[in-house]
Amino acid sequence: MSAKRFIANHVVDLPRSGIRDFFAIVSQMPQAVSLGIGEPDFVTPWHIREAAIYALEKGKTSYTDNRGLIRLRQEISRYVESDFGVSYRPDTEILVAVGVSEALDIALRALINPGDKVLYHEPCYVSYSPSILLAHGIPVGVPTLAKDQFALDPAALEAAWEPGCKILLLNFPTNPTGGVANRKVLERIAHFAQEKDLLVISDEIYAELTFDGEHVSIASLPGMRDRTLFLHGFSKAFAMTGFRIGYGCGPAELIEAMMKVHQYSMMCAPILSQEAAIEALRNGRPAVARMKEQYHKRRDFIVRRFNEAGLDCHTPQGSFYTFPSVATSGLKSLDFCHRLLKEEEVAIVPGTAFGPSGEGFVRASFSMSYENLIKAADRIERMVGRLVDSGATAAVNNAS
Amino acid sequence: MNPVLDLLLQGERLSTEQMAQVLGLSEVAIEAALKQLQAEGKLLGWRPVLNPEAGEETIVRAVIEVKISPEREGGFDKLALRISRFDEVESCHLMSGSYDLLLFCSGKSLRAVATFVSERLSTIDGVLSTATHFLLRTYKEQGYLLVANPDVADKPAVSP
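Residue numbers (the numbering used here), protein chains in the order written: chain A, 650 to 1049; chain B, 377 to 536.
Any given hint might turn out to be false.
[Said to hold, decoys possible] Listed next, the in silico DSSO-like pairs over lysine-lysine satisfying Cα-Cα at most 27 Å (straight line):
id, chain 1, residue 1, chain 2, residue 2
1, B, K454, B, K443
2, B, K484, A, K941
3, A, K709, A, K766
4, A, K946, B, K411
5, A, K653, A, K796
6, A, K1024, A, K941
7, A, K981, A, K941
8, A, K991, B, K516
9, B, K454, A, K1024
10, A, K766, A, K707
11, A, K946, A, K796
12, A, K991, A, K941
13, B, K443, A, K946
14, B, K418, B, K531
15, A, K709, A, K909
16, B, K418, B, K454
17, B, K418, A, K946
18, B, K454, A, K941
19, B, K484, B, K531
20, A, K766, A, K981
21, A, K946, A, K845
Read the hints as simulated data drawn from the structure, not as lab findings. Values in this document were obtained by computation on a predicted structure and should not be read as measured data.
Here chain B stands alone, though its shape is the one from the complex (with noise of 0.2 Å):
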């Protein structure tokens, strides 16, 4: 794997002069090396990991198992892309099983995402069905537990 995108992956946060003395690298070596990733289409952005439960941000989400019918034409992509535009849906990926697509969406209330799945997603052409489950509390959240982390204060700073 590209090592400065090794590094980042680990998730401790550092700025590129500290990521240039980690890898041994230039920091002008390291800002192109994200730029790269960046035009590859490899890196897709940067966005802080927030803990749900924490209530920085007030919202509401859901998983949607949504049917469809594949088109003649661009099978399931085209219809997946169309509903992938929508600003509520934060992820969206073609399932294997009893149903096609499986959305991640958020919105600021509940009455807006059952808006946006009543009045936008199932009026498209195409979708069969939804079924709309709302998140009701996070224990994980992409890697990160949301438990205090061990207690160190018991290890001792110098050991043998």
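The shape of chain A in the complex, shown without the other chains (with noise of 0.2 Å):
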């Protein structure tokens, strides 16, 4: 007898993330180009490792208070104060978590009740509909387009709004999209969120990697910081994915709710993680400029060849991912990125692993060295021309 009857319903129910049955494929191509990748190429900035390292050695393998180190929130609230304009007690309104992914996780099950609808905007990150579902909510998509930049329209967020919503997740600038949401935009939103009584979940792990303009958190919006739970991290703009370290800032009640939920699955986040994250609050801010500039110079030579090469490609905001659109080869985004992989040897991920709103785009991480990236492009332009050159035969002897 299958051991699967034991398995909880809701689990069994859950998809598969898109980006694992596409890994599997890919890790049997050791040759292939990946710019699948969702982390930087960098390697954490060396005087972070060192603080790791040092840290180890004086023998700091100790569980930590609940919320992280007291010194480490010191800095976060610093940090977030100077940079985001919210400030936070470090007592009772931050803690540390096991990356933003737990963050979130936590913060959902603190918040939801069975069948509690959360708003969030997609093509999103991987593990939003599903952690909302783990938690018992239910997930209300609402689609952004390629024509906004991928930023979230306000309007279209009031019409997908339905009784029963209660959490609104915003994640700017976006994975996959690189959409990013401007001062106007977020106060609209921010008028909706207060005008509905909802809870603003904003998960801001790409803050520091924006491009162009300024980077705005809603919790800095009037009126907003009683109902927002700012999440943040050190994975991206620090390059400490392996780490494992984020935090979470808000309100008093809604930190202790979460906290209830931290303490007694994770404890607490792996203290040479929480040295390591200091460090990089105190020191870390040239080793992120020197990054940033890099990112941004591989952003605006990446979209200049896609869109030569024939895909529509906008001009990502933040983060380091392209979106274009695969529209132009006429095929749907799983099957471009299996033709891709098999023809080109390029592994890049379809749209729709990120929510059916990304059908007909892939994303392509820009996180890679020119030499990749030149190949990768190369690469992409030669499939695309095949499939535009077929495609117009085809059409020509439909018509004939």
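If you follow the hints, you should be able to join the two separate chains into one complex; please do so.
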């Protein structure tokens, strides 16, 4: 008899991440050029790694306060105040978590009653909808569109609202689209959140990697601090994905509720990662600026190349992803990615991995050396050329 | 900074065509920019950065502290240039502190470097004294760490 009968229904129903399926194929092709990675190609800056080594040498191998080391929470408080314009008390309003992923998970589990609805924009990070479902909530997706540069259109948000909506989940700059929300858009969204009495969870993990214009946190807008959970971490800007370290800031009651879930599940974030994070906040700004400059240049290059290759590619304003349309190829996202991998040995991720509204698009990361970006762009151009040619031939044949 | 120079300094080996692609310029423009950088003396030359520990070049390297007496006309420059012209001298710097010139020198053998110091360098008029330190082992060379790169095999090729 299959052991499957022991698995909870809502987990059986949970779809596997489209990225995992794709990863299984790519991992059989080590020679492929991959623009599929969702993390920096830089290694964590040495001074941060060195701080972790020093902490290990000093024998820092214990648990910490459930909320995280107070020294780290103090640094986070200073950083968020100076860079995001919101002030949080280190003792009661900040919780250190195992990446934004955990912070989001415990926030949803702490806030959702079964059947509560959560509004979120998609295409979005792969875990949003599953995390809502695992917390017994109902995901309500709002598509963002290429014509809006994948910013969330407040009118679409208002139209998607339905009774029972309790939470609005935002992620700007967005993985996978690179979309951002400017102050004007955020003000309308903030107004809407207040009107409908929504709690906003704002995942701002790519904030430092905003290339054009200022990054605005919705938590900093008037009246929003008390209804916003601000989530951030070190993975992207500081190139610390493997450290698994992030944090949540918000009203004390909400942080306390998240703390309950956190203390019974995770207990605390790893102490070595916390020590490394302290060093990152104290001395990491020059390294972040250097990496951002590289991403910025690579973005300009790859967006230009994709457009020359015949893919309609908007300029992502933040993150290290491009999200070009593959409409000209005449293929669906998944078919395009499979054929690109098979025929040209380039791995990119189908847009549908990030929600149904990602159909017709693919995600290509530019967190990669120029050599590989050039190689990938050349091969994509070659395949798109072939597809467009054969499409044109087919059209002529059909007409005659 | 000049964008061509900026790209070169990143250390990725790119062809003129690839550099043109990256910077959105024509190949002719890249070649012209490189020529101009050399003509202006901003770009001195092209040399690979070798790993001294890998044994491709069997040379002995030394740093030499040199005390010299400045000349009435020409100060340190004239003598420094004269010393710099020796093939054995890879680089030569005027220093603050307890000595005047710091030389990075190399030779085919310890004896060759020693001969250069005792027979050529220290016999020059105006050279007051020298102190030679031989390099035993290199850990970092011109920005490149001499250890294996971090093992990236564990990094998934596709991730969310």
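Hint check results:
1. B:K454 - B:K443: 14 Å, holds
2. B:K484 - A:K941: Violated, because 44 Å separates the two Cα atoms, which is more than 27 Å.
3. A:K709 - A:K766: Between A:K709 and A:K766 the Cα gap is close to 42 Å, so the pair fails against 27 Å, i.e. violated.
4. A:K946 - B:K411: 24 Å, holds
5. A:K653 - A:K796: 44 Å, violated
6. A:K1024 - A:K941: 22 Å, holds
7. A:K981 - A:K941: Measuring from Cα to Cα gives roughly 32 Å; hence the hint is violated.
8. A:K991 - B:K516: Given that 27 Å is the threshold and the Cα spacing comes to 41 Å, the pair is violated.
9. B:K454 - A:K1024: Violated, at roughly 51 Å.
10. A:K766 - A:K707: 47 Å, violated
11. A:K946 - A:K796: With a Cα-Cα distance of about 24 Å, the restraint between A:K946 and A:K796 holds, given a limit of 27 Å.
12. A:K991 - A:K941: 32 Å, violated
13. B:K443 - A:K946: Since the Cα atoms of B:K443 and A:K946 sit roughly 47 Å apart, the hinted pair is violated (cutoff 27 Å).
14. B:K418 - B:K531: 39 Å, violated
15. A:K709 - A:K909: Given pair A:K709, A:K909 holds - Cα atoms ~25 Å apart, limit 27 Å.
16. B:K418 - B:K454: 22 Å, holds
17. B:K418 - A:K946: 23 Å, holds
18. B:K454 - A:K941: 45 Å, violated
19. B:K484 - B:K531: Judged against 27 Å, a Cα distance of about 43 Å means the pair is violated.
20. A:K766 - A:K981: 30 Å, violated
21. A:K946 - A:K845: Given that 27 Å is the threshold and the Cα spacing comes to 41 Å, the pair is violated.
Checked against the numbered hints above, the structure violates hints 2, 3, 5, 7, 8, 9, 10, 12, 13, 14, 18, 19, 20 and 21; every other hint is satisfied.
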